[in-house]
Amino acid sequence: MDVVDQAVEALRAQMRDAIPAVESFRGETTVVVRREAIGQACRILRDDPSLSFNLLAALTAVDYWPEEPRFAVVYELYSIGHQAFLRLRAPLSGSGAEIPSIESIFPNANWHEREVFDMFGITFTGNSDLRRILMPFDWVGHPLRKDYPLGYEEVQFSFNHEEIDRRKPYARE
Amino acid sequence: MGVEQKLGNLGMVTSRLEEAVNWSRTRAMWPMLFGLACCAIEMMSAQAAEYDMSRFGMELMRPSPRQSDLMIVAGRVSRKMAPVLRRLYDQMPDPKWVIAMGDCASCGGVFNNYAIVQGVDEVVPVDVYVAGCPPRPEALIHGILTLHDKVRGEKIKDWA
Numbered sequence: 001m002d003v004v005d006q007a008v009e010a011l012r013a014q015m016r017d018a019i020p021a022v023e024s025f026r027g028e029t030t031v032v033v034r035r036e037a038i039g040q041a042c043r044i045l046r047d048d049p050s051l052s053f054n055l056l057a058a059l060t061a062v063d064y065w066p067e068e069p070r071f072a073v074v075y076e077l078y079s080i081g082h083q084a085f086l087r088l089r090a091p092l093s094g095s096g097a098e099i100p101s102i103e104s105i106f107p108n109a110n111w112h113e114r115e116v117f118d119m120f121g122i123t124f125t126g127n128s129d130l131r132r133i134l135m136p137f138d139w140v141g142h143p144l145r146k147d148y149p150l151g152y153e154e155v156q157f158s159f160n161h162e163e164i165d166r167r168k169p170y171a172r173e
Numbered sequence: 001m002g003v004e005q006k007l008g009n010l011g012m013v014t015s016r017l018e019e020a021v022n023w024s025r026t027r028a029m030w031p032m033l034f035g036l037a038c039c040a041i042e043m044m045s046a047q048a049a050e051y052d053m054s055r056f057g058m059e060l061m062r063p064s065p066r067q068s069d070l071m072i073v074a075g076r077v078s079r080k081m082a083p084v085l086r087r088l089y090d091q092m093p094d095p096k097w098v099i100a101m102g103d104c105a106s107c108g109g110v111f112n113n114y115a116i117v118q119g120v121d122e123v124v125p126v127d128v129y130v131a132g133c134p135p136r137p138e139a140l141i142h143g144i145l146t147l148h149d150k151v152r153g154e155k156i157k158d159w160a
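In order, the protein sequence lines correspond to chains A and B.
Residue numbers for the first sequence follow my numbering, so the first one is 1 and each next one is one higher.
Residue numbers for the second sequence follow my numbering, so the first one is 1 and each next one is one higher.
Careful: at least some of the hints might be erroneous.
Claimed, not checked - Here are the simulated lysine-lysine pairs, PhoX-like style, with alpha carbons at most 25 Å apart:
{"hint": "1", "chain 1": "B", "residue 1": "Lys96", "chain 2": "B", "residue 2": "Lys80"}
{"hint": "2", "chain 1": "B", "residue 1": "Lys157", "chain 2": "A", "residue 2": "Lys168"}
{"hint": "3", "chain 1": "B", "residue 1": "Lys157", "chain 2": "B", "residue 2": "Lys96"}
{"hint": "4", "chain 1": "A", "residue 1": "Lys168", "chain 2": "B", "residue 2": "Lys80"}
{"hint": "5", "chain 1": "B", "residue 1": "Lys80", "chain 2": "B", "residue 2": "Lys150"}
{"hint": "6", "chain 1": "A", "residue 1": "Lys146", "chain 2": "B", "residue 2": "Lys157"}
{"hint": "7", "chain 1": "A", "residue 1": "Lys168", "chain 2": "B", "residue 2": "Lys150"}
{"hint": "8", "chain 1": "B", "residue 1": "Lys80", "chain 2": "B", "residue 2": "Lys155"}
No wet-lab data here; the hints were simulated from the structure.
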């Protein structure tokens, strides 16, 4: 039994109610975790010496709009000792996109959570510094949401060059 | 003593002031690099041995706006970068010129979205646009020579 199966067993044994599903696709295992239990799951995976998933390799999110639950926050954990990956996925509804921060468990989650907050507008309760990280601080909206407009500008061709030229905001000296 | 014999009967050269000034401006136009993306690689290549922009008096690509005359915006400018670009432009002493290098700097290029400024001429006044994605060093050098032509045509009455 490899370390990923052991990890799934350990999670099932200690927090069965909080794990609705375990998915396996092309040799990659994903454990679906309820959002309130994400901290507990990370703590078990990190602190159990036979598992020791001690690196948060990635933390990101997916927007399944207009489906519900709309968001999924994805945690990619890596065990340096066992050289094994395990993915956690926490579904969130669109109306209350909130999840506990895991910054106290993996400190590098701070910036990852800031990025997810910036791009998706998911609030991480308990994050010590939840500001925007990529977009300007006065930016309105969260660009990686599926319902965010792309901001397409009309392209200047020879037939509409003059007309667009008139309303384009050129800089002055 | 001595120098007259070496130079021979040099005599006197006459010119107009604006021609002399414009000539000197074109011969030592120090660029401020503003490399933001892949265009910067071509800009480095134009500076390096094979194309050698120092033939045109551009010895130094310097990241110091207060000692430069020409800003070469090479690459896409994000909306977050735009205030920085404008601030560096404002720090450059007059006279100053801007080349928008490549499609992204000229008009947004393929990045027609919320994050990228659709043409750097929304932020700073651009003198020469160099097309290409990215433009080859020859194209950048052509853009610089086009700018030199423009500078040589400047009139003393417009400087005030």
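For each hint, the structure was consulted:
1. Among the hinted pairs, Lys96(B) with Lys80(B) is consistent with the structure: their alpha-carbon atoms are about 23 Å apart, no more than 25 Å.
2. Proximity of Lys157(B) to Lys168(A) is assessed by CA-CA distance (about 29 Å); at most 25 Å being required, the pair is judged violated.
3. Of the supplied pair hints, the one linking Lys157(B) and Lys96(B) holds, its CA atoms being roughly 17 Å apart against a limit of 25 Å.
4. With a CA separation close to 19 Å, the supplied pair Lys168(A) and Lys80(B) stays within the 25 Å bound.
5. With a C-alpha separation of about 31 Å, the suggested pairing of Lys80(B) with Lys150(B) is violated against the 25 Å cut-off.
6. A distance of roughly 55 Å separates the Cα atoms of Lys146(A) and Lys157(B); the hinted pair therefore is violated under the 25 Å criterion.
7. Of the supplied pair hints, the one linking Lys168(A) and Lys150(B) holds, its CA atoms being roughly 24 Å apart against a limit of 25 Å.
8. A C-alpha spacing of about 37 Å is found between Lys80(B) and Lys155(B), which places the hinted pair above 25 Å, so the restraint is violated.
In the structure shown, a violation is registered for the earlier hints numbered 2, 5, 6 and 8, in ascending order.
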